[in-house]
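Keeping their order, the protein sequence lines are chains X and P. Letter 58 of the first sequence, counting from 1, is numbered 58 in our numbering, and no numbers are missing. Letter 3 of the second sequence, counting from 1, is numbered 3 in our numbering, and no numbers are missing.
Hints in this document: simulated from the structure, not taken from any laboratory. Here the structure is a predicted model, which means the values were calculated and not measured. Heads up, the beta-carbon is just placed ideally off N, CA and C, and yes, glycines get one too. Please note: incorrect hints may appear among the correct ones.
Rough simulated footprint, nothing fancy, chain P against chain X, three-plus residues with beta-carbon under 8 Å [to be verified]:
1) 93-99
2) 148-157
3) 211-224
4) 237-244
5) 265-273
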Amino acid sequence: MHSCGVIMETDHSVLSRREALIKLLRVAAAGAGTAGLGLWLSEHSWRPETALAITAKRGHTVAADANLPEMAIIQGDDPAQLARQAVDELGGMRRFIARGDIVLVKPNIGWDRTPEQAANTNPDVVAEIVRQSLNAGAKKVIVTDSSCNDARRCFQRSGIAEAAQRAGADVILPDPSRFKEVDLQGEVLHAWPVLDVFLNVDKVINIPIAKHHGLTGTTLGMKNWYGMLGGPRNQLHQKIHESLVDLADFVRPSLTIIDCYRILVRNGPTGGNLEDVLLKKTLVAGTDPVALDAYVAKAYWNLEVDSLPYLKLAAKRGLGTYEFEKVRTRLKKLS
Amino acid sequence: MHFPKPAKLRRFSQIAFFLLFLFLLVRTEFRGTLTSSGSEIRLPYPVGLFFQLDPLVALSNALASHALYRGLLWSLIILIPTMFLGRFFCGWICPLGSIHHFFSSLKSERKRGKQLIESNRYKRWQTTKYYLLIVALVAALLGTGIVGWLDPFSLLVRSMGLSILPATGYGLRAFLSVLDHSRFAAVQTAGAILHFILGALLLGFKQPYFRQGVWLGIIFIFLIALNLRITRFWCRALCPLGALLGIVSRWSVLGLVKHPEHCNDCNRCLLRCQGGDDPVGGVPWHQPECHLCMNCVDECPEHGLQFKFFPQQKVVGANLQRRKVLTGLAAGAALVPLVRSTPGFAAERHERLLRPPGALDEEYFLSRCIRCGECMKVCPNNALHPTLTEAGLEGLWTPVLVPRIGYCETSCVLCSQVCPTGAIWEITAKEKGWSVDLASAAKPIRLGTAFYDRGRCLPWAMATDCIVCEEWCPTSPKAVYLRPAEVIDAAGNVKQVKQPYLDPSRCVGCGACEHACPVQDRPAVYVTSVGESRSHTNQILLNRRKD
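With the hints as extra help, turn the sequences into a complete structure.
Right under this line is the structure:
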């Protein structure tokens, strides 16, 4: 059979020593690799835990000025003019905005309602504050809110998206992927998902609208901070006063303007019925968020400080004073 | 003069219509604009276009309602040319057909050489679709829209919109999230750019989830996988629209002319035949099966096949057997009484069968709804889902509102705008009547009524403040009202809390309270269908009956 002798036919039934060795080495290497990987993995066993909350900048207040009023109450027909006047009375926008600042304007865009229904902040006021911030040298003005109803509808039907965009703001929808777990370092609020645009801004301007609320009687400036949170916000009512103060302490806005142009006096905070709306044609602006809330609660809902426990808690935390009669106030009626 | 080959034109047409379909499907979503505040929100594109072009939807709607819902008349621009030309729609336009066409063209172990040629010959089982059509049309005449289980657009929108697209979105978001969490700034930036592009093209504002999405997806993938065994099995054997178009093309004037003198029995015409209509020599051509894909004309090396007007050649029609037609008629006729022999439809409605606003009363609803899922796709709150058993077997995949996942948005009527058949009759936000004074509203649309489970409610059972339900209640005056109460907590302290109550005469059943309730797993307030304004019988209140 092997007569020719030159061509060796491989005999498949018998391995050469060399081939056997190589085969053995290959299996041994695979075995050692598997064992090594197994050992390495078993060293790295860990119990999964939720990602740690990050800490973020707290507080955006500007320096107090004893020559300027702390609260301005402006009345008149044109919401934009009221906003302009209110800021002027408090010393002008340049007091609050430095050149190159990134400014966050936080209206209430919580509900799928039109401006007349007074469930969201007046769009003309928002637009005017955006314009003034840009005129004062802000690099960028962001307008956002984490709505209750579908955000796309709220931003559109409130008229705020259009008005703010026209005035030059970046209108940012609360995209669910934008929430970051933040340590609020509060007394009742610790790690919560916060809309990321709240985290890297220089100044914050709060523009809530004054409305009736079933639990506390009224919802004003501090309650507007619910709108920076994601997550199970519906649990906050269980300790509403403590959580309001924790949020207000975290943000400490540069400026607060409570929109009382139209106020919702019944069936808040959603409203819907024009008969629930009163035309007050007033803006209340200032640097002391506690005094502002206390004043508006008394002026429009006749609520005393004792019926809104968060006011005293906030004062204790050093956020301001609930004795609004004692703050420097400018009252002005525009004709 | 050089004309592009017909098969090339066909491919161009298929791609164009598929992209149009995909675009319209992705845009079956309210994406928000910055303008037109306060006015009624409408979608900027005719997203239901393909349904309006679908003669099967029109025919079943006509049989069920003795009329044609708005826009369905457009289906004539497919139906009438089909009478003259044949099933050009299947080969040139239908996006589901194009998907099958694409997957059929993939290489497959089971379709090679002789096997492939044999599998593309006409088969008797291709008549199945005609019998399915008969069953579905008789059922439509007797009052149930189950034709939508098989209608190609219902199938496609339901599968893609409720399963394939959400799954794609889920995968893409997971990938983007990995990029976003990268240690490297460059990767993060690339991720942000990609997110922006995908957000503009494909991803919606929120990741949607649909009940039964996985099953709808598996059925769809299975139907596509069949192409690896038999080219366009769906189109050849099952599609009732293909059957309808096949029947009406029986007398079409465009036909395949075979020149036997050129044929050398190479069988190449069968290689890429889509319809299984025997373009091959020696046997008659099956006209109703042909999709006019023109591959056989392209493929014939002897130029022995031609499409011609008024061809003088013997052709075979749908090839139906009388006995099976009669069986189909009988099956269709038996179907409706059979599925309604359970008490569900007549006496024992599922308490959670909350239909979208504008939905007709159940009897009319089931006859018109084609289970297409457009309403579910468009709902901004992801509130509408396909039913499994809530509406009975007959109502499989009809829409149900699931408040725990999403409530019905106060001024939104998008589902009624996209419904192709009027099962959800088109309404305006004003007709819906939720964001106005309910006392002055003529008759608000009500989906059901909310009820409290006081054993789970915080102020009722746990001496804790809450009333988020009252906060969210969109009516004015609110249907949820509060009463102060003194309660004693576990430590024995007396506490003041506000406890919620419900006024059924104000409740519209939107489900916002149930959605917002902090008792996450089984909410302490929930909506059931009783009180729904579409029904005269499913009521609680005596004075509501006269509405």
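* Asked: So which of the earlier hints does this model not fit?
  -> 1
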